[in-house]
Amino acid sequence: MRYLFRTQYRQDIALWRHNGDLVWYGLLTVLVLIAPLLLGEFYIGELGAVFIFAIAGVGLMLLVGYTGLISLGHAAFLGIGAYVNAVLLAQGVPFLVTLPLAGAFTALCGAAIGRPTLRMSGLYLAIATLAFGSIVGTVFQKWTAVTGGFDGFAVPTPYIFGIPIEGATGIYYVSLVVLAFVLWISANLLRSPTGRAMVAIRDSEVSAQSMGIQLARYKTIVFAVSAGMTGLAGALFAHYVRYLAPDAFDVLLSVQFVTIVFVGGLGSLRGAILGAMFVRLLPQFIAVVRDDLPFGIGRLPGLEPSLFGLVLVFVILFQPGGLNGMWLKIKQWFQAFPFKRQTSFRRQKSYAKSERLR
Amino acid sequence: MIAFQAQDISVRFGGIRAVDSVSFDVRRGEVFAIIGPNGAGKTTIFNLISRIYNSTSGKLIFEDKEFTHTPAWQIAGLGIARTFQNIELFPNATLLQNLLIGRHCHSRVGFAAELLFLPSVRKAELRHREKVEDVIAFLGLEHHRNSLIANLPYGVRKVVELGRALCIEPKLLLLDEPSSGLNVEETEGMGFWIEDIKKDLGITVIMVEHDMALVNQVSDRVMALNYGKVLAMGTPQEVQSHPEVVRAYLGGEVESVA
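If you read the sequences in order, they're chains A and B.
The opening residue of the first sequence carries number 99 in our numbering; numbering runs sequentially from there.
The opening residue of the second sequence carries number 835 in our numbering; numbering runs sequentially from there.
Hints in this document: simulated from the structure, not taken from any laboratory.
Note that this is a predicted model, so its numbers are computed, not measured.
Quick reminder that beta carbons are idealized off the backbone N, C-alpha and C, glycines included.
Take these hints with a grain of salt, some might be off.
To be verified - Where chain A lies over chain B, by a calculated footprint (3+ residues, C-beta under 8 Å):
#: 1; stretch: 888-899
#: 2; stretch: 949-959
Stated by the list, open to error - Computed from the model, here is a short list of chain A residues facing chain B with C-beta under 7 Å:
#: 3; residue: Arg-213
#: 4; residue: Leu-288
#: 5; residue: Pro-291
#: 6; residue: Thr-292
#: 7; residue: Val-297
#: 8; residue: Ser-305
#: 9; residue: Gly-310
Please take these sequences and the hints and turn them into a complete structure.
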């Protein structure tokens, strides 16, 4: 087991806890950088999709996992980002401009939805964002002059400094860079006052207010940041699917994002990435084993959504920490070997909170 | 020298007058205790001062500035900090993070700077950390620095909440039942801290308290409430021997309220 001896305050706000972290993350970086040389086109495409979903997952994680607000409308933000990027590209605007613009515009949309829902939480917020999602979906369908309606339209090939970003590998690298950027931004946010304000709002709004945290400001900011990141993911998603059609951005996609956050583990950036891996790779896994399942289970319609639902229920019931929690437990088990105790991961019962000041 | 003034404040919930034209002054540097039976309106007064409730009428004045209509999140910036009766910490954050949240009203860095974690943000963070460490040393919480609040025992949480309020560097501290849920020893410790807060840090304290031993130990003046009205005000001894107060606690006819 490694004991950290902190001798300076700045060690506590560093991105790496110790040099060991740096080594492992460096190794991971090298691995994902050379992956296209080792893996086939199909796998790189799927890995790129994992990155894209992880970007959106990190965005939603800030909202759900750190601020305690729920959104069932993030597919709409993904769609807005995708359409803004694709439409601008078709107008001849360079990709290096359309990508940030897609993020910025989606962030504005996020602030616009965050503002009127300030006083909502839990189920009510879920319903409000669900409604927002279906409104945006309808706009995608009906505004044929811009979106092409149900016919959809082909997303033009992006160019960076004259180099075409083509095929799975191109999107893979761009997504990797954006994911790294989004993670860096999120980590910075979480170690500064805004990040702490988010956690405060999640845990107790009334005392957050008494600490001088302006709820309206921070909720709006978080909605904007979360939507903006999802918009960035959307811009990349457009290039991943290559052909935009409005039915790609339905409620099921929003539920997939929520699954990323819950299965990955609330309140952890690593969880968002693990969750994205799970959500993208489970369908592939099902596709592979589908024909070998007994009693024709593999041919049942709706196998995929029901498996997602089942996993979500099991995670919430038995593993509230999600994949990240599981990882932490495994790590702890090895670090403490052979001294794992039955009660190692049991939380103390919480005390009654005052209900008057909700 | 008057630090805080409540003038004729009232609040009504439907037909109930929870606080009924209560007026009191708190002098700078004193410990002012509010006592009274359950439902007397003590915590409601705190919620009025921290602007969680809107008063129906009356004025709140702190250091010659009226703040009757200031939004709740600006109260900490005025230099008024509070604790809660049933502990309102942030349970899924560490003790250190909780105390750092107490520094929030002192943070001046811009949002864009935070996103990039510019050197200015780093410097500000280190400065906040130093202030927080002062509070940790003052309350002897070093041992629990990196524990999640959810894993700490009740008695420690109570101290952490006091520490979080101190991180605001308040001029006025509102303590809502600092001894509730504490054992005799912990209550005694809380009493010493309140005395230190008054003497060493020079912070004015208003506290709601049921434990009369603690009230006698630390408070300079006491106000007794019942049914939202002031029964008596004065030194702890005067108030405790006041016939109305005795009646309110032990039962019997209460003429002034009827």
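Hints, one by one, checked against the model:
no.: 1; hint: 888-899; in the structure: violated (count 0)
no.: 2; hint: 949-959; in the structure: holds (count 6)
no.: 3; hint: Arg-213; in the structure: violated, 16 Å
no.: 4; hint: Leu-288; in the structure: violated, 10 Å
no.: 5; hint: Pro-291; in the structure: holds, 4 Å
no.: 6; hint: Thr-292; in the structure: holds, 5 Å
no.: 7; hint: Val-297; in the structure: holds, 5 Å
no.: 8; hint: Ser-305; in the structure: holds, 4 Å
no.: 9; hint: Gly-310; in the structure: holds, 3 Å
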